[in-house]
Amino acid sequence: MAVDPGPMRVPPLLTDLNRDYWTGGLAGELRILRCQDCGLWLHPPTPVCRRCLSRHLAAEAVSGQATVAAFTINHHQWSPTATVERYVIAIVDLPEQADLRQTTNIVNCPVEAVYIGMPVTVVFEPLADVAVPLFEPRDR
Amino acid sequence: MNFDVCITGIGSSAIGRVLHREPVDLAIEGCMAAMADAGLTRDDIDGITAFHIEGSASVIQVIDAMGLKVNWFADVGYGPSQVTALFDGIMAVQTGRARHVLAFHSSCEGTVRQALGRGGTIPGAATAIPERVSGPQEWWLPFGAPSAGNHIAMYAQRHFHEFGTTREQMAQIALVERANAGRNPEAIYRDPLTMDDYLSARMISEPFCLFDCDIPIDFCTAVVVSRADSTSGLRKPPISIEAMSTACHSRLSWDQFDDLSTMVLRDVGADLWRHTDLRPSDVDLAQVYDGFSFIAMAWLEALGFCGRGEIGPFIEGGTRISLDGELPVNTNGGQLSAGRKHGWGYLPEACIQLWGEGQARQVPNDPEVAVVGTGGGTFAGALLLGRS
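Chains A and B are the protein sequences, given in the same order.
Following numbering that gives the first Met the number 0, the numbering of the first sequence begins with 0 at its first residue and continues without gaps.
Following numbering that gives the first Met the number 0, the numbering of the second sequence begins with 0 at its first residue and continues without gaps.
Chain A extracted, bound-state conformation (with noise of 0.2 Å):
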């Protein structure tokens, strides 16, 4: 299980629209709504698929895996109460569709050794009643 060096983190509001993302992890999975009809992948979870208009969606798992995109290294106390220690914040793509992303925490490794196109896999953070998915170097 991750061991994160402490940003403010919130948890988000449940709703019937995003609990499979924010608790899947609980079960060890990453869920990601899909379009049972056209086959697209959403996210952030969407009440329609915004290519067929289908509204027959259900959430997924995938696998995992994810690629860093983009990131950056956070050096700001945004609250009195979190860590100062550095952390990495990033947008990582992942493997199953074009363009489809997420952000998302880079841990389990020093921030330095960060890099765009670092192949990565997610790991959950308990957070309240949810599973935060951080992801973390895949070759540790």
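Some hints could be false.
Have a look at the derived ranges for each label pair, beta carbon to beta carbon [claimed, not checked]: (1) A/Leu16 to B/Ala269: 32 to 38 Å; (2) A/Leu25 to B/Ser249: 31 to 37 Å; (3) A/Arg50 to B/Pro236: 19 to 25 Å; (4) B/Gly134 to A/Arg54: 18 to 24 Å; (5) A/Leu52 to B/Pro363: 51 to 57 Å; (6) B/Leu251 to A/Glu95: 39 to 45 Å; (7) A/Pro125 to B/Gly76: 32 to 38 Å; (8) A/Leu12 to B/Gly306: 42 to 48 Å.
I should point out that these hints are in silico values taken from the structure, not numbers from a laboratory.
All C-beta atoms, glycine included, are put in the ideal place defined by N, C-alpha and C.
Could you slot chain B onto chain A? The hints should help.
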């Protein structure tokens, strides 16, 4: 010109980090100043609109406070940038809803943020951090990424990665704007800034340091938008609106956007030139959104002043974008040095320069055409202005 609409006056309230005044009080001050600048009285104003968010005055407060009798009014939130109310005001005049529209935005973000303290607000907004997060921040706050700066920093990093852009190049936005602010008595930060200062400043979110980020303030900016056939006898030569774009052909998402080295302003920058015979080479100065330095770079690139990916070399050394350069940028100090006016500072500064009222910061090239780009991230809108 494809608009029968022009800008006839601008106004500002007092501006400061923390003024301890009410948003509506600042709004009245700004609106009165804009009316006086245009040479209009209260009875001439028959339309009014405002950018109304947390910590700002509503148009209804101002209508009532000033006893206005209007034929058109609208409180406006976000749309194609924070100045959507201004775009709507232009369209209201163009469609005959009103002859003279006041468009304003006031904010006490500086006061609110000081009162709530660090960690007490969502960065960039006068909004308290919630216990549970929903809406767009749902995808930021669980990851310790509360600021638009974190996300713009990732775009900057991606631009650096793809095109070899450097922090020394990006520094020129902050350095040139600070030099301009030194000539603007209303700017917040006016002391000279050197490359050494910039490179040794504390980092916020790489590649951004402290000087790449703007600062919350208290202020009101107001603009008078008038019908072109209603400007005789006014104080100022009207500023014509040569073109306007609010195009959006992409996903309005911070992380699902198709090209992470730019933003939706790319669509606006390309679309603006479809509405005019003017070209980027006709533009004498640019006032472009700089909530974070990289956004200004992305705007200049999107508007076609240089090729894709070439903004680093374009601004290197700072000469080209300085007051006496070929394309002066953010001549009042921008939001980095003159304060976070939520996008409402750019059009007034363009007008000041076109009217030749810049005093110590007046550009020397007798400008006739100015471009204004507002917004960053998931919204953007642009105007091309001309001296009639």
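Here is what the structure says about each hint:
The hint said 32 to 38 Å for the Cβ distance between A/Leu16 and B/Ala269, and at roughly 33 Å that hint holds. Hint check: A/Leu25 to B/Ser249, Cβ distance near 34 Å, so the stated range 31 to 37 Å holds. With their beta carbons about 51 Å apart, A/Arg50 and B/Pro236 fall outside the hinted range of 19 to 25 Å. Distance hint check for B/Gly134 and A/Arg54: the Cβ-Cβ separation is about 22 Å, which falls inside the suggested range of 18 to 24 Å.
Look at A/Leu52 against B/Pro363: about 56 Å separates their beta carbons, and that is inside 51 to 57 Å. Taking the beta carbon of each, B/Leu251 and A/Glu95 are about 22 Å apart, not inside 39 to 45 Å as hinted. With their beta carbons about 36 Å apart, A/Pro125 and B/Gly76 fall inside the hinted range of 32 to 38 Å. Take A/Leu12 and B/Gly306: their Cβ atoms lie about 44 Å apart, and the range 42 to 48 Å holds.
Violated hints, in rising order: 3 and 6; the structure is consistent with all others.
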